[in-house]
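Visitor: The whole structure should be built from the sequences, with the hints applied where relevant.
In order, the protein sequences belong to chains A and B.
In this text, residue positions in the first sequence follow numbering that gives the first Met the number 0: the first is 0, and each later residue adds one.
In this text, residue positions in the second sequence follow numbering that gives the first Met the number 0: the first is 0, and each later residue adds one.
Rather than coming from a laboratory, the hints here were simulated on the basis of the structure.
Some hints here could point you the wrong way.
[Unchecked claim] Only part of the chain B face toward chain A is listed, based on derived beta-carbon distances under 8 Å:
{"#": "1", "residue": "Glu-227"}
{"#": "2", "residue": "Lys-231"}
{"#": "3", "residue": "Leu-234"}
{"#": "4", "residue": "Met-235"}
{"#": "5", "residue": "Gly-237"}
{"#": "6", "residue": "Ala-238"}
[To be verified] If you want a taste of the chain A side facing chain B, the calculated C-beta under 10 Å gives, among others:
{"#": "7", "residue": "Glu-92"}
{"#": "8", "residue": "Asn-99"}
{"#": "9", "residue": "Gln-317"}
Predicted model only: the values in this text are computed from it and were never measured.
Idealized CB from N, CA, C, for every residue including glycine.
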Amino acid sequence: MLLIGAEDEEKWLAEGIAGVQHNAFYLHRALDSNNLRDALKYSAQMLSELRTSKLSPQKYYELYMRAFDELRILEMFFKDESKHGVSVVDLYELVQHAGNILPRLYLLCTVGSVYIKSKEAPAKELLQDLVEMCHGVQHPIRGLFLRSYLAQISRDKLLDIGSDYEGDADTVMDAVEFILENFTEMNKLWVRMQLEGPGRVREKREKERSALQELVGKNLHVLSQIEGVDLEIYKETVLPRVLEQVVNCKDDLSQYYLMDCIIQVFPDEYHLQTLEMLLAACPQVQPTVDIKTVLSRLMDRLSKYAASSADVLTEFLQVEAFTKLSNAIEKVIEVQVDMPAVGAITLYVSLLTFTLRVHPDRLDYVDQVLGACVKKLSSIPKLEDSRATKQVVALLSAPLEKYNDTVTALKISNYPRVMDHLDNGTNKVMAMVIIESIMKNNTCISTADKVEVLFELIKGLIKDLDSATDELDEEDFKDEQNSVAKLIHMLYNNEPEEMLKIICIVWKHTMAGGPKRLPFTVPSLVFSALRLVRQLQGQEGDIVGEEVPATPKKIFQLLSQMIEALSAVPSPELALRLYLQCAEAANGCDLEYVAYEFFTQVFVLYEEEIANSKAQVTAIHLIIGALQRMNVFSVENRDTLTHKTTGYSARLLKKPDQCRAVYACSHLFWVDGQDGIRDGERVLLCLKRALRIANAAQQMASIARDSSGPVTLFVEILNKYLYYFEKGNKQITAAAIQHLIELINTEMQGDSATSDAFLASTLRYIQFQKQRGGVMGAKFESIKL
Amino acid sequence: MNYLVGAFKPPCNIFISFADGRSRKQVPLKKENGKTVMVALFQSQESIVGEVVIEPVHRKKVEHNGVKIELLGQIELYFDRGNFYDFTSLVRELDIPGELYERKTYPFEFSTVEMPYESYNGVNVRLRYILKVTISRNYVGNIVEYQEFVVRNYTPPPSINNIIKMEVGIEDCLHIEFEYSKSKYHLKDVIIGKIYFLLVRIKLKNMDLEIRYRESTGSGPNTYVETETLAKFELMDGAPVRGESIPIRLFLSPYELTPTYQNINNKFSVKYYLNLVLVDEEDRRYFKQQEITMYRLLETS
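Guide: The following block contains the structure:
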């Protein structure tokens with residue numbers, strides 16, 4: 000049997016089909032004239048076409064189907080004794096006169112099926128005879144097809160017999176015995192195909208064999224359809240026999256297919272009750288068999304079954320399904336030494352999935368599975384196989400998905416130990432999965448212990464691991480760190496004490512994160528701490544005098560540590576903002592010196608670290624904003640700070656920036672509110688100074704670009720004037736406003752073409768106020784436009 | 000013209016018939032010219048009763064030296080053409096010398112005739128039973144008419160009928176054990192058996208069971224042996240593996256077999272053999288031959 004050209008094969012098939020058709024023609028004629036002799040002759044000749052060895056299974060199947068169709072017609076003829084006048088008993092002998100075995104047996108099966116149906120002889124004996132006679136065909140393909148024909152043609156009879164409850168149970172057994180026997184023989188033939196021919200066509204042969212697997216599996220399918228096959232029979236006869244065959248055939252393709260077939264074909268309930276038996280076969284199969292897939296499917300089916308109704312769950316417990324599965328997997332892994340890590344892990348994943356579905360309440364089971372996995376992982380070097388790591392990720396993700404509440408997963412002691420076996424990249428991925436799960440489910444992690452565990456789990460994200468020189472994708476890194484930052488917000492406890500602990504722990508962990516991570520994590524943590532501060536602030540009355548560990552002071556100390564760490568990164572701008580936040584919080588807590596300290600830090604940062612002019616502008620405005628809201632400071636302290644601020648404002652690099660900062664500073668002297676500062680004098684000073692600067696800017700612009708610059712600055716200042724005017728600052732007079740408007744108009748004449756929308760709407764506002772009447776209208780009366 | 004032809008024809012017609020001719024079983028018999036005719040069937044110890052009718056043609060007078068009927072059992076060896084060995088020869092005188100003018104009927108009877116041998120039509124030999132009517136005449140040739148009939152003898156089922164079981168093989172190559180349920184079969188019997196493959200190291204292609212027939216004639220240096228394969232029955236298709244057992248079921252009825260004949264009148268023997276033939280992929284044949292005994296069982300139907 001050498002490699003055959005497809006073309007030749009087509010030709011042979013065509014010849015075979017032609018032969019079948021030719022003889023079928025005469026067969027039909029014989030049937031029409033009720034000529035039994037000719038019918039037998041031509042059917043035998045037709046079937047002789049099936050004796051070919053030249054066709055591949057697929058082609059052979061085509062030929063077989065042609066002949067099969069004809070045989071159905073012949074069967075009808077045999078059935079009708081009035082047509083041929085020979086009793087079925089004689090017919091049964093008559094067809095056996097054929098000299099060639101293959102046509103003889105096809106005919107025998109055909110008559111046999113009629114014979115069984117006629118009930119003139121015990122079905123058992125006939126079936127036994129047929130299945131026995133088929134031994135004569137030892138050629139794998141021909142034998143398989145012959146036996147498949149036998150199975151096919153006897154199928155409906157078997158179903159009748161096997162489901163006939165009126166008879167005793169023996170008839171069921173007869174049918175079962177027959178199928179098992181036929182199955183066994185077919186499997187042997189199937190397996191034997193593998194051994195034929197030279198090794199180099201092995202792959203082709205395997206492909207061919209796969210094409211035939213259904214012929215073998217069909218038997219099991221029929222078995223499952225026989226109603227009479229109850230659990231008892233299945234347990235005592237069917238399964239042991241099938242498994243015996245599976246184990247003994249020592250053929251990987253067959254073992255895999257048949258195991259899978261058993262699992263798919265028979266009811267779940269049977270599997271559950273015979274789990275031990277079924278599983279016992281698993282370690283006995285060839286090492287090359289993909290037993291993990293088989294087991295996975297089994298568990299998959301079982302878990303679906305478990306989910307189908309609550310009643311069956313007790314059965315699972317009764318038969319200790321988990322323990323059995325677990326042991327079986329252990330055994331399989333132990334026996335199949337060469338199984339790659341990915342295989343073992345996949346098995347564990349399946350088991351875990353099963354556990355989670357069937358026994359969601361049994362965390363110890365989950366732990367056990369993970370423990371077993373750790374054992375396996377520790378016996379092999381670090382995972383290199385990407386598929387294996389993927390499986391580990393799946394393994395670890397499963398509990399997270401199942402228990403919407405991630406906290407549950409944190410209780411599993413083996414969880415982190417499994418994670419330890421991942422490489423850095425995967426570890427991070429896993430950590431991300433954990434975080435995502437937490438975020439998705441909005442799980443609040445509320446105890447310090449859990450936080451500790453959690454951070455232990457995601458440490459891949461928190462700090463550089465041993466081999467820190469990984470090429471990092473900037474984008475990914477940002478995503479990761481943002482996730483961590485988000486996560487920090489999920490750590491929350493109402494109890495301040497516990498919360499403080501949580502914060503400390505998080506800080507402990509994040510501190511190790513290094514300059515790249517701190518800018519991401521610290522803000523979250525700071526805000527988390529500030530939230531605690533506010534909470535304490537709310538309860539302040541109650542806790543006075545008590546010995547409480549969680550006081551705002553303490554937190555502020557911690558906070559300044561954190562921010563200090565950040566400024567060392569360096570990330571001064573961020574630190575500055577955070578300081579300001581803290582200062583505000585301190586303000587809320589009435590802790591003047593703390594707030595002052597924070598401001599001091601702010602200024603230090605501003606002076607020492609923030610050199611970029613744009614950053615300076617932003618910083619100044621932030622400072623102004625924050626400072627403006629401060630009410631905790633004493634006059635001197637406040638003076639010091641405002642002084643500093645205005646000083647910095649006036650020293651900004653660009654004139655427009657200076658101008659804007661300065662007029663913003665004016666707000667430092669005018670705070671709305673009950674006991675706000677209303678220092679009109681200094682407000683005016685600021686505004687005037689701003690005007691001066693604006694003028695200077697204007698001049699510089701006209702010199703530099705030979706055009707009068709924007710009047711925007713003036714308009715902005717005008718708005719400030721209006722603001723204070725309305726607020727009732729005595730120092731801001733209508734005259735001053737009038738003056739400013741005129742100034743702007745003069746400036747505008749330079750380029751009348753540009754009509755400034757800002758100015759226009761400002762003027763419109765003045766107009767509106769004038770017309771409004773009342774106190775405000777009177778005030779604005781004197782301003783002329 | 001017709002008249003002229005008539006001159007060369009025998010002057011009378013002779014008809015031989017059996018008394019129970021209508022009810023007696025008829026069996027086909029192949030004549031020398033290839034045609035098959037139906038003839039009466041007898042067995043040993045039966046009485047052969049009938050009548051001979053002689054009818055002169057055109058009412059011509061037939062002068063004769065007497066009329067007789069003979070019952071002959073003959074063995075004819077083809078290589079020894081013309082030589083008949085009559086192992087049985089019985090004569091009945093039907094008429095004394097005289098003249099025949101008109102149709103005349105002569106009853107005859109051979110009672111309880113010993114016919115130990117069966118009619119047989121072989122390759123080199125023929126055994127037949129004939130009724131021969133002779134009208135002896137002077138000067139001109141005798142007028143002779145033959146009527147052949149067939150004799151079959153039935154045997155009761157043998158009291159001892161052992162199975163044939165044997166292990167054969169080629170060392171380290173092929174070991175099989177075969178088993179035929181009986182060693183003696185009647186003509187419509189079924190051969191049931193099994194072949195176990197104990198060791199298979201060669202690639203077999205198929206296995207056939209052949210029924211071989213061996214006719215030996217003559218004796219001493221003049222022995223002629225003729226072997227023929229009567230049936231070639233495929234038992235197995237493909238290559239078996241160790242431990243397989245292949246069933247045998249061969250119905251003998253479709254084949255034209257005779258009983259085994261052992262040294263019939265020292266002239267010939269007919270023996271049957273079962274030949275198990277295994278063919279490997281290179282078309283090499285391995286075979287083992289076993290003699291079986293065939294016997295004729297009285298058909299009840």
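Visitor: Take the hints in turn and mark each one as holding or not.
Guide: Structure-based check of all given hints:
no.	hint	in the structure
1	Glu-227	violated, 16 Å
2	Lys-231	holds, 6 Å
3	Leu-234	holds, 6 Å
4	Met-235	holds, 5 Å
5	Gly-237	holds, 3 Å
6	Ala-238	holds, 6 Å
7	Glu-92	holds, 6 Å
8	Asn-99	holds, 5 Å
9	Gln-317	violated, 41 Å
This entry does not satisfy hints 1 and 9, going by the numbered hints stated previously.
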